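K.L.:
This is what each chain is made of:
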Amino acid sequence: MELYLYLALFSPLVSSLFSALFTATPKKQFTGIVASGLIILAFVSSTILLTHILSGGDVVHVELMTWMATGDLYIPFGFVVDQVSVTMMMVVTLVSSVVHVYSIGYMDHDKGFNRFFSYLSAFVFSMMILVMSDNFAGLFIGWEGVGLCSWLLIGFWYHKESATWAANEAFIMNRIADLGMLIGLFLVYWNTGTLQYEQAFAAMPSLSTDILTWMGIFLFIGAMGKSAQFPLHTWLADAMEGPTPVSALIHAATMVTAGVYLVIRANPLYDLIPNVGLFIASLGAFVAFYAASMALVNRDMKRIIAYSTLSQLGYMFVAAGLGAYWVALFHLMAHAFFKALLFLGAGNVMHAMHDELDPFKMGGLKKPMKATFIMMTLASVALAGIFPFAGFFSKDLILEVSIIEHHYIIYSVLLFTAGLTAFYSFRLVALIFHGEERYKLFGIHPHEAYKFMLVAMSPLLILAIIAGSFKMTYFEMVTALLPATEYHVHSVAMYWIMTIGTQIFVILAIAFAYKKYAMSPVTVPDGTSKMENRLCYKILINQYYIPYIYQEYVVKPYRELSTIFWKEIDMKIVDASVDGIAKIFYSTGENTRTMQSGNLSTMLKWMVAGIVALLSLAVVFGLAVRYSDEIKVILSGLGVQ
Amino acid sequence: MLDHILSIIIFFPAVAGILGFLVQKDSVRAYGIAVAGIEFALSLWLWFSFDSSVSGMQFMEQLPLVPAFGINYILGVDGISVFIIILASFFTMIGISSLGETKDIKNMIVTLLFLQMTMAGVFAALDAILFYVFWELSLVPMLYIIGAWGGPLRVYASVKFFLYTFTGSLVMLVGMLFMAYFYYQATGVWSFAILEWYRLILPESFQLWLFAAFFLGFAIKVPMFPFHTWLPYAHGQAPTIGSVILAAILLKMGTYAFIRFSLPLFPDASVFYMFPIAVLAIIMIIYTAMVAYAQKDVKQVVAYSSVSHMGVIILGTFALNVEGISGSIFLMIAHGVVSGALFLLVGVIYDRRHTKLMSEFGGLAHVMPRYATIFGLMMMASVGLPLTINFVGEFLSLLGFYQQSHILTLLAGMAIIVGAIYMLAAYKKMFFGEVTNEANRNLPDVNKRELFALIPLAIITVWLGIYPKPLLEPINNSVKSVVQLMHDKAITDEAKSRIPSLVKGIEITKTSTPEAH
Amino acid sequence: MLAPVNVSLDSLNLVTLAPMLIPILGALLILIVEVSKANLHKTLYVMLSLLFLALDLGAVLESAGVFAANGTLLGVFDVMLIDGLAILAQIIIVGASLLFIPLALTHSRFHEFSYPEFFALFLFMISGFQFMVASDNLILIFVGLETASLALYTIIAMHNRDKSFEAAVKYFTMGALSAGFFSFGAMVFYALTGSVEINQISAVLSANHYADMGYVLVGTVFMLGAIGFKVSLIPFHTWAPDVYEGSSAAMAGYMSIVPKIAAFIVAIRFFEFLIHSGVVWLEIALYASVVITMTAANMWALVQNDVKRMLAYSSISHAGFVMAAVLIGTTQSNSALFLYWMLFAFTNLGSFSMLWISRQKHLPEHQPSDHTYDKFAGMIKTSPMAAVVMGLFMLSLAGIPPFALFWGKIYLISSAVTAGYTILALIMALNSAIAAYYYLKLIVYMFMKEPVMGNDGQVYISNSTISLQVIIGIASIGTIFAIIALNPILEFITSFVYNSGY
Amino acid sequence: MEIGLNHYLVLSTILFSIGLVGVMRRKNLLMLFFATEILLNSVNIAFAAISHYYGDLTGQMFAFFVIAIAASEVAVGLGLLIVWHKRHGNIDLEYMSTMRG
Amino acid sequence: MFEAIAFYLFAFLTIVMFYITVTTSQALHALTALAAGMILISAFFFILGADFLGAVQIIVYSGAVMALYAFGMMFFDTTRELKEKKGNNAIIVGLSIIAAVLVVVIFAAPMVSTNMAAHYPMVADAGNTQEVGIVLFTKYLVPFELAAVMLLVAMVAGIVLAGKKMDLSLTLMDEAEIQQIKDEQNKKVLS
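Residue numbers (my numbering), protein chains in the order written: chain A, 55 to 695; chain Y, 9 to 525; chain P, 649 to 1150; chain B, 524 to 624; chain F, 7 to 197.
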């Protein structure tokens, strides 16, 4: 099985390096094909590993070599394929295989074609390290690695100012969280003496709650950055500047879920500190609602999906925070499928619309883009959680968990959010595919994507539909590692009321969306309509003014402070004081050199003056010596020692 | 020959430098590369014959110079110093081979060879005076390099560099003389041998003063805030090769000296001053990073980033445990490689455009993709991305210091944020966007000569990031003995508890070591 | 009636006179040669002087052997005192003179060297200095001092241009004032103790426990004035820069070494017993003047435009630095004084010789004095070897290891540390940093600036002859490889100083 | 009223101070040399007096040598002045300040 | 009593003479006053029993030195009234008075320790000149000889400086000029 592990791990690396060889050359179709092939190889290996684990095989654990060893610290390159990581591997390799193949078409006309595959495969490799590592340090490698690839890919079109800005924003924001993560690591190391999951988790129960709480908080701060939780969420929406396959892979399916993965991975820790868990869950619920609310009014197709991702991440954190790790993981998996599908569909639309992102400028695309229409609709249905699609199983489970754990506020927030989710999803679908063909106003002739791209998307479509049916298989597998809490509402009646109630609520939301955006005529908003001048609309469209606040109260002051530090403090105080000391010597020399007037008479006077000065000193001293006793008396009278 | 390999490594370039005067002007570059290559081969040989499982000094050489005053020619390397020596010879080679069109190239190469002598000497010397000799002597070639080949403010910059460091080290010299005097009092003979000094246990009050004296010398060299202002000038004005060697090797002298002198000689003072120094280090990290962000000149960005990174090294050093000190030593090497490479990269663009202002550039990634790639790699290494060389050092340094103070480590950890900010901003300004300046439209990409210098650095950056063990293991062994020595020598309870003992349960009796008073 | 005085020749120890008599004989011989045949070439006199100086050095080393075997030697009614200090000082005096004399053989012709009187006066001067250091009798010291000084004034004036006359007159007049100070000081001590011999003075003073502190202080003040003038302590230094500028560069280099070491010996002999027996005032006064001399001279050197004048101020600073050894007054510090001065002799003679070798007869328009900084601009381009050598001397003067002066510096600072003068040690160290600035200034000009238009480098070696090159070669070898000879020298000095009781 | 050593010392000091005044205020070098003669002569009085009161000849010896020194100085000093005067036609020290700073 | 009167008288006169020397604007007055002062000092020497010294004082100072100065004055033509800038007199007077007062204050106090032994005691039955001779030619033989050297130096110096040798400055002349002058000299010798 080690072979498959290595294959799964390293074939993306090979793919990346292979593509990197051709970065300086014009587009080569085969780099895309080879890269996709290698990723698919990784997928196959992961599948084999999955079947191995499913069939009750042992956890595959290898230690490649020592990375760092000094003092008591010992960090190997260790990789483990267990129930959790294999799930993640499956998600990662599957989605990335799809995205790779898809990208061959999507990036067809881009001159950075080869480079794109290099970056994309590098991302897969980093992600594989992240999920497969058997220790926190390895996790951190992957953590930073995906950050790097995310930076590269967001800024892939580096000639665009907004893209590079977004890339840097994403990287720096992630760095802020990474600091928390790093501190978490230090805490783990100094308290348990190791960074290996197994030993560290084994040592944790004997630690005091305070330390564990801090550990949990700092690790979660790390997770917050990567999973774009409030207040570190702004980068995710901006990250949509990257190519759409990137958004699908990184900013929907895989990287952003790393935070959830971390919490799941550290479940022995979070089990010990339920308060932190509750905080995580509350934050998750808040983010779920908060993001969904922003998605309601947004006019950027990709941003809407990004907010939806954010919202779903909130769901996952709710589950993870409440201790339902397997539920979180399950939703993670299901979400990966339908969200990636949604993004890829959006990519098709963008292609068709020549990179137009405003859904208000589309409409009626279901005719020219039938396949895409179907896929996106189904994905939205899955997202909305309609039975029997994947979202239903995973998302409803989270609602159940919250009610079973008696967190009714969370439950009601989540329930409300589920309605919002359905609304904005179908608002999007309706705006794009239904109604009038507004795109004609802009003189665009949309066309369907390449066939093979659609084919490539089909596995996701299938999974988005049927993933829910694997729930029990999955449950049995994963609970070998995670706490096996089955969440059942106590009374059957209650269960049905809840389920059906939710379904109805969601369907009503969908219907409302259709009514508003598909049935009634839609105009491109131009800032004049009544709704657009409402306060709440303004707040939402401006993302609660958070980016503005960051820009005005963090970025700008930082820049100004930097300039002040440089020009005022460094140059005018620190440096000037050093130069000042030198200048004092120099100017003293310059001012006193007149003493050497060259006049002999003056020189003689100086000599006599020297003698007189010495004599005066001598007399003072002589008197002091002679009358030392009296002087002491006087001084002591004055209070001097 | 192996018995005298250190002497050979030190004096071979100097002798070759003198002979270099006789080489014809057009051929002198080849001569320089050849000499530096041999020197590098010698240092590699040193590495291969180095027994990494031994914690003590190896290849010791001893020759009385002025026995009446206790000055001896003592050389030796341990895991702490050996790699910096190798790095020095490596950078001399890289530097000479990357030299482009330079006026008075013969003088430059001879100067570089002399500089190499002093650098090897500093790290191999085990006698304080010998150390001081090389330490001061290293200023002279650098003075000349900056002053003769530098930018418009070169004279100011070079003299400032020289005088500033010289002043600090003179105070250090007084400290050294004090140490020798204490040794004389305790044993009746003069000695400047560092290993002999290690046996002294000084009372805390003396330690504090002596530590301060040594600190001034080292801190200016490092350079620590607020003694850092010579560095931007020196880097800003120096030619590429000068900046490379200054950043890669010369700055390391200060931090190396902290580990070689301050920690083992004054364990109690080290503990006493740990927090003030850590605060300074944190100011260095954050403040200079912010200053770097405000810069308009890309070389100044790299220069200030050096200061910022040196802050992390200082912090690791004053973690006073094996993890931190090993990390800081590793980071010295890492920072040497990375900042050296960054300065080389800045030199590449400066050679082409004769400006270093970032506003002059923009969109270079279109024009010079290979350049952008290597720059990007080095920038990421500088930012401390895992699996690059810098991360190992930074991680261990911060990890080590976390044991001493949580809050301060948290603040120091800001390094990874602020570092990313100025680096990414600079990268964005230079490489991203459209090509706006017509002068940049047709810039040639990095050429073979430059690649020859840059590729090895890139390889090292990644290789040691993934597999730091060849360095980390010997460093670890030597650091362990230093930490143990410090623990044994510590006299205050505070110090005893702050510095971990590695030998559990065995307490070395104090009577075996002479006590000065 | 008076009884006849019986003196046995043995008890006179006439051998103690030998080193001083040799140069006197040489001078007389030169005068006789000149009288008998005029217009002989200067090389003859140079070689004669060299021969006599070599003999002199031989005699000094001979007495060094005697000292090593028998200890301090008194001679000729105890007027002569041949102890370690005297021998060491004579070695420096004669050695530096040996290095100086060949500098007369310049390519261009200069006035003083063309006349044999110069060499006669020079040898007389040396014997004067030798008497000065080889006695503890204030009378002999005074007469020796004046003999040497009068010869020196004349030698300076013999350079024969306006500046040198001015220098000689200034030096002479101030010297006369300081002679007054010396005699007044000696008078006070004579009044106190009834003796003019330093060891007697010391013995009597300690016998009555310095009962007349007022008198002691007055005497000390005037002695300090007189000796301070000789070693150029501030504010008695004002002659130094002008005299150095006025005399030839070679002479200036010589003056920065030999007269001062003679004065240092007197200072050691006179001040150390005072400090050690608790004249705290002297300690304070010396401390202050040492610090002021070091620092202020450095600051003035910073602002000079002429290299020779800069070196003059730097010599003042170095003298102040070394005076600290007298203040500290331990065996180590006294040894350090000699070590420092020997190494300083090499370095400073070397750097002044470099100026001498570049001396032009007619200055170009843009050059207001003999050795402006501008003159050396871009020297590395036009005359690299000379630039490197000059740079070497500058680095040594700045105290950059491993060049000669560094070793003297650390030994001296170490002696301050050892004796507990920590602050002084720090001030001494930091002064080196200030000093480094103006030495660097010359290096900056030489290595980092472009040559002045029309300077083809010929100017730097306009005076060059083999003998000058040899001297510079010796000086630079001494400067670079000082470390090799350091241990024997140090042991030699220390044993001599220690056995003399200092 | 006995004349003691102190009287002579005080006299010597007063004369010495007069000499110092002369040294400081004279601009004519010849006159300045007069003042230096006064300095040395004043000390000689003291030496002779001490010698007398202590019954010791050393003081007279010192005075004797001081006279010799003074005489020699006159010779050299006048020589220097003659050289200067030949060139410049004056012996005023105000004209002697080409070197300064 | 006689001694005291003599002391005060001579002291007064000496001070007056020397005061005139340093203050008068007539060079001739100064010279005369100086000579008078010198002679008055020799009077002190006689009072103090230093006959030989007194004689030397008169011969050397009043004779030789004064004669030299007189020649010098004629040479320099300074017999006319001197114009001396009356610059910062306050400094001069201040410094001297401070110096005088300080030293006088100290010297006015009698010495505590007067019990020192005379190293070269005066012999009762010998004349001062004889005593001086003995001490001078035994103990102070070396200084005496050195003084002779010093006088020789002074002589040589005087000859060199005041003679013709300094008339032409080789330092300032070019090599060609020097050669020309030499040739001329040789011609003169030949012819």
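It should be emphasised that the hints constitute simulated quantities derived from the structure, not laboratory data.
Quantities reported herein were computed from a predicted structural model and do not represent experimental measurements.
Even for Gly, the Cβ is constructed at its ideal location relative to N, Cα and C.
Careful: at least some of the hints might be erroneous.
What the hints assert, rightly or not - One-sided excerpt, in silico: chain Y residues whose CB lies under 8 Å from chain A:
1) Phe-20
2) Trp-205
3) Pro-234
4) Ile-291
5) Met-298
6) Pro-377
7) Gly-421
8) Met-422
9) Glu-442
10) Pro-476
11) Lys-477
12) Pro-478
K.L.:
Look at each hint and say if it fits the structure.
P.N.:
Now for the hints, and whether the structure bears them out:
About 33 Å separates the beta-carbon of Phe-20 (chain Y) from the nearest beta-carbon of chain A, more than 8 Å, and the hint is not met. Restraint check, Trp-205 (chain Y) versus chain A: the minimum CB separation of about 25 Å is more than 8 Å; hint violated. The closest approach between the C-beta of Pro-234 (chain Y) and any C-beta of chain A is roughly 5 Å, which is under the 8 Å cut-off, so the hint is satisfied. The interface hint given for Ile-291 (chain Y) is broken, as the beta carbon of that residue sits about 10 Å from the closest beta carbon of chain A, more than 8 Å.
The beta carbon of Met-298 (chain Y) is positioned within 8 Å of a beta carbon in chain A (closest approach about 4 Å), and the interface hint is therefore held. The closest approach between the C-beta of Pro-377 (chain Y) and any C-beta of chain A is roughly 6 Å, which is under the 8 Å cut-off, so the hint is satisfied. For Gly-421 (chain Y), the interface hint holds, since its Cβ comes within 8 Å of a Cβ in chain A; the closest pair sits about 5 Å apart. The interface hint given for Met-422 (chain Y) is met, as the beta carbon of that residue sits about 7 Å from the closest beta carbon of chain A, less than 8 Å.
Nearest Cβ of chain A to the Cβ of Glu-442 (chain Y): about 5 Å, under the 8 Å cut. The hint holds. The beta carbon of Pro-476 (chain Y) is positioned within 8 Å of a beta carbon in chain A (closest approach about 6 Å), and the interface hint is therefore held. Taken as an interface hint, Lys-477 (chain Y) checks out: its beta carbon lies about 6 Å from the nearest beta carbon of chain A, inside 8 Å. The criterion of a C-beta within 8 Å of any C-beta in chain A is not met by Pro-478 (chain Y), whose closest approach is roughly 11 Å, and the hint is violated.
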